[in-house]
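Visitor: Modelling step: build the complete structure from the supplied sequences, incorporating the hints.
Residue numbers (my numbering), protein chains in the order written: chain H, 184 to 297; chain C, 210 to 318.
Derived from the structure by calculation, the hints contain no laboratory data.
Small disclaimer: the values here were computed from a predicted structure and weren't measured.
Possibly wrong hints are sitting among the right ones.
[Claimed, not checked] Restraint-style ranges between C-beta atoms, simulated for each label pair:
(1) E205(H) - E224(C): 38 to 44 Å
(2) G199(H) - K265(C): 44 to 50 Å
(3) Q289(C) - G199(H): 45 to 51 Å
(4) S250(H) - S278(C): 39 to 45 Å
(5) Y248(C) - T266(H): 24 to 30 Å
Quick reminder that beta carbons are idealized off the backbone N, C-alpha and C, glycines included.
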Amino acid sequence: DVKVTQSSRYLVKRTGEKVFLECVQDMDHENMFWYRQDPGLGLRLIYFSYDVKMKEKGDIPEGYSVSREKKERFSLILESASTNQTSMYLCASSFYESSNQPQHFGDGTRLSIL
Amino acid sequence: QKEVEQDPGPLSVPEGAIVSLNCTYSNSAFQYFMWYRQYSRKGPELLMYTYSSGNKEDGRFTAQVDKSSKYISLFIRDSQPSDSATYLCAMGDAGKSTFGDGTTLTVKP
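Guide: Spelled out as structure tokens, the structure:
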């Protein structure tokens, strides 16, 4: 089975802090994604990556950056956390772009910014 | 208008009922179709994946895709309390997926 592991299930940080969310997948997937999920707004794509050291902006990239130094690991960075970034963050992975294979998700990180 | 519209629910049914969950979409480029199940405070779990029009069955679950009408459905037979969750439809093209907002289902014993 595909395993996508997010480093923290729950995280509490303070306004202005730099926050790192880590995601690792064990299926040698090329594609990796970061979403946030909020009630009434559904899943919104923040950033995605098709390969090591590659990144593409999603629908809501403002206030976030990403890093992909190794194929299996994709990090989401909140440069200066703000209260409106309190949310459930979900990482996903899938096979390469044209394979038309579904995404597999981790269990999420519930992040609270105080 | 959103590319994917999902019946919002919430939906509450008695145990043993047949459940129908539905989504419509506008982008004819979508090539593959998924249903995810998400329990409270967990990530979405892939339930069904199909690449073509027609029906796909897996146990009590049947996914139906009608590309001509741009309409997909998930049917759950003999629903169980353990089926209580939020169900997300998703559609994909070239590695990216677009998700519905989810329908929350409660199956009462």
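Visitor: Each hint needs a verdict: does it hold in this structure or not?
Guide: Hint-by-hint comparison with the structure:
no.	hint	result
1	E205(H) - E224(C): 38 to 44 Å	holds, 40 Å
2	G199(H) - K265(C): 44 to 50 Å	holds, 49 Å
3	Q289(C) - G199(H): 45 to 51 Å	holds, 47 Å
4	S250(H) - S278(C): 39 to 45 Å	holds, 42 Å
5	Y248(C) - T266(H): 24 to 30 Å	holds, 27 Å
The structure shown violates none of the earlier numbered hints.
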